[in-house]
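*Asks:* Listed below, chain by chain, are the residues.
Protein chains: 2
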Amino acid sequence: MPDGAEKKPSRIQLRNRSLILDAALDVFSAHGYRGATLDQISEASGLSKPNILYYFAGKEDIHVTLLNQLMETWLDPLVEMDASGDPLEELLAYVQRKLDMARELPRESRLFAGEIIQGAPRMLPHLEADLKPLFDEKCAVIQTWVDEGKLAPVDPRHLVFSIWSTTQHYADFAVQIGVLMRTDVAAPGADAFLRDLFSKLLTPAKGQ
Amino acid sequence: MPDGAEKKPSRIQLRNRSLILDAALDVFSAHGYRGATLDQISEASGLSKPNILYYFAGKEDIHVTLLNQLMETWLDPLVEMDASGDPLEELLAYVQRKLDMARELPRESRLFAGEIIQGAPRMLPHLEADLKPLFDEKCAVIQTWVDEGKLAPVDPRHLVFSIWSTTQHYADFAVQIGVLMRTDVAAPGADAFLRDLFSKLLTPAKGQ
DNA sequence: TCGTGGCTTTACCAATTGGTCAAAAAGTTA
DNA sequence: TAACTTTTTGACCAATTGGTAAAGCCACGA
Chain X
96 MPDGAEKKPS RIQLRNRSLI LDAALDVFSA HGYRGATLDQ ISEASGLSKP
146 NILYYFAGKE DIHVTLLNQL METWLDPLVE MDASGDPLEE LLAYVQRKLD
196 MARELPRESR LFAGEIIQGA PRMLPHLEAD LKPLFDEKCA VIQTWVDEGK
246 LAPVDPRHLV FSIWSTTQHY ADFAVQIGVL MRTDVAAPGA DAFLRDLFSK
296 LLTPAKGQ
Chain B
96 MPDGAEKKPS RIQLRNRSLI LDAALDVFSA HGYRGATLDQ ISEASGLSKP
146 NILYYFAGKE DIHVTLLNQL METWLDPLVE MDASGDPLEE LLAYVQRKLD
196 MARELPRESR LFAGEIIQGA PRMLPHLEAD LKPLFDEKCA VIQTWVDEGK
246 LAPVDPRHLV FSIWSTTQHY ADFAVQIGVL MRTDVAAPGA DAFLRDLFSK
296 LLTPAKGQ
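Top to bottom, those sequences are chains X and B.
For the first sequence, my numbering assigns the number 303 to the last residue and increments by one with no breaks.
For the second sequence, my numbering assigns the number 303 to the last residue and increments by one with no breaks.
It is possible that part of the hints are untrue.
Unchecked claim - The list that follows gives simulated cross-link-like pairs (lysine-lysine, DSS-like), each with its CA atoms no further than 27 Å apart:
no.: 1; chain 1: X; residue 1: 154; chain 2: B; residue 2: 154
no.: 2; chain 1: B; residue 1: 233; chain 2: X; residue 2: 295
no.: 3; chain 1: B; residue 1: 295; chain 2: X; residue 2: 245
no.: 4; chain 1: X; residue 1: 295; chain 2: B; residue 2: 154
no.: 5; chain 1: X; residue 1: 245; chain 2: X; residue 2: 295
no.: 6; chain 1: B; residue 1: 295; chain 2: X; residue 2: 233
Because the hints were derived from the structure by calculation, they are not lab data.
All chains, please: the whole structure from these sequences, using the hints.
*Replies:* Structure, rendered in C-alpha cells:
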C-alpha cells in the first residue's frame with residue numbers, strides 16, 4: 096500500500112508514479128480537469144486503469160499532486176529575485192526566467208492557466224497560503240526600489256501581473272501564436288521585445 | 096424545425112436560443128467544452144434538455160455558435176484601429192478598448208482563452224480565416240508607423256501579443272488577481288499602468 | 001522451493017452523459 | 001372552435017466514466 100505516508104517508496108513505485116504524473120500532465124493540460132479521463136491517462140502512461148488507481152487514490156488525487164508539485168516550480172523564479180541586487184537587472188532577469196520557464200514547461204503553464212481560469216477550485220488554498228505572501232513580500236521590495244528612485248514609479252502589483260501575462264502568453268496561447276507567426280519561420284524576438292518593454296517602463300526618468 | 100436555414104425565427108425561438116446561448120456561455124467558460132454538460136446548461140437556462148436539443152443540433156453546435164459570435168466581438172477593437180490616425184493615440188486607445196472589453200465580457204474572454212489553451216480544436220479555422228488576415232494587416236500598419244519614425248522601433252507582432260496578454264489577463268486570471276489584490280479594497284490602476292507601460296515603449300526616442 | 005508481500009490484471013459496477021422519440025401541450029390561424 | 005403548426009416534456013438509450021473486488025503474477029529472502 097503506497098498510500099501510507101511512510102516507508103521509502105520502491106524503485107517501481109517511483110517509476111510508475113512519475114510515469115502517471117507525466118501522462119496526467121499531458122492529459123490535464125490539454126483537456127482540463129473534467130475533460131481528462133483516467134482512460135486517457137492510462138493509455139498515455141502505458142499502465143492499466145486499475146493500476147493507476149493502485150498508485151493514486153483517484154483522479155482528483157493525481158490532479159492535486161500535480162498542482163502541488165507545480166506550485167514550487169512556479170514560484171521559484173520570483174523567489175530568486177534578490178532585494179539586494181540591482182533593481183532593473185533583477186527585474187529583467189526575472190522576466191527572462193519566466194519566459195524561459197514558459198518555453199521549457201508549457202504543459203505546466205497551461206495546467207496552471209486552466210485551473211485559474213476555471214476559478215481555481217483546487218488551488219485557491221495554495222494561492223492564499225503560498226503565492227499571496229510571496230507576492231506581497233516581493234511587491235514591497237519593488238516598492239522600496241521605487242521609493243529610493245532606483246526605478247520609475249510603477250504600481251508593483253500591476254508590474255508583476257504584466258510580467259506574468261506577457262511571458263506565460265507564449266506558452267498558453269502557443270497555438271494562436273503558431274498561426275499568426277507562421278509567415279516567417281524564424282521569429283523569436285520575444286526575449287528582446289520584453290526586455291525592451293520592461294526596461295523602458297522601469298528606467299528612472301533622470302540619470303540613474 | 097428551426098434547423099432549416101431560412102424563414103424568420105419566431106419570437107419564442109429568438110428568446111430561447113438567446114437564453115440557451117447565455118446559459119451555455121456561463122457553463123462553457125467556467126468548465127471548458129468537455130467539462131460542461133447539457134444538464135448544467137439546461138438548469139442554467141431554465142429549459143429542459145430535450146428542449147435545448149430542439150433548438151440546437153447538439154452540444155457541439157452550441158459551442159460552435161458561441162465561438163462564431165465571439166469572433167466578431169473579439170476582433171472589433173482591432174478593426175477600429177485607424178491607419179490614418181495618430182499612431183500613439185491609436186495604439187493606446189486600442190489598449191483601452193481591449194481592457195474595457197476584458198472587464199465587460201469576462202466570460203467571453205475566458206471562453207476564448209480556454210479554447211486556445213486546449214489547442215483551439217474548434218477554432219483553428221477561424222483563427223486562420225479571420226484573425227490572421229486582420230493581424231497581418233494591422234501589423235503592417237504598425238510597421239509603417241515605425242518606419243516613418245512615428246513610433247519607437249518595435250516588432251509589431253510582439254507588441255500586439257503583449258497588448259492581448261496584459262489586457263485579457265485581468266479577465267482570465269480574475270480569481271488570482273482577486274486573491275492578490277484583496278489587501279486594499281480600491282485598487283484599479285490597471286488602466287493607468289498599461290497606459291504608462293505602452294506609451295513608454297512606443298514613444299519615439301527623439302522629439303516627435 | 002516455498003511463501004510472502006508488493007504489483008498487475010480481468011471482470012465488473014453504478015452514475016453520468018449526450019442524445020432520441022413519441023406524445024402532450026401551447027400557440028396560431030381559419 | 002376546429003385544424004394545424006410549433007414548442008415542450010417524460011421516458012428511455014447506449015456509451016462513457018470513475019471506481020471496485022478479487023484473483024493472478026512476480027520477485028526475493030529463508
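*Asks:* Given the hinted pair residue 295 of chain B and residue 233 of chain X, is their alpha-carbon gap at most 27 Å?
*Replies:* holds, 24 Å
*Asks:* Does residue 154 of chain B sit within 27 Å of residue 154 of chain X, going by the straight-line distance between their CA atoms?
*Replies:* Holds, because 25 Å separates the two Cα atoms, which is no more than 27 Å.
*Asks:* Straight-line Cα separation of residue 295 of chain B and residue 245 of chain X no greater than 27 Å?
*Replies:* Answer holds: residue 295 of chain B to residue 245 of chain X is near 17 Å, not above 27 Å.
*Asks:* Check the hint pairing residue 233 of chain B with residue 295 of chain X against an upper bound of 27 Å on the C-alpha distance.
*Replies:* Answer holds: residue 233 of chain B to residue 295 of chain X is near 23 Å, not above 27 Å.
*Asks:* For a C-alpha distance cap of 27 Å, please report whether residue 245 of chain X and residue 295 of chain X respect it.
*Replies:* holds, 13 Å
*Asks:* Is residue 295 of chain X close enough to residue 154 of chain B, meaning Cα to Cα at most 27 Å?
*Replies:* Status violated; Cα separation ~48 Å.
Figure legend: structure checked against the earlier numbered hints; the only hint not met is number 4.
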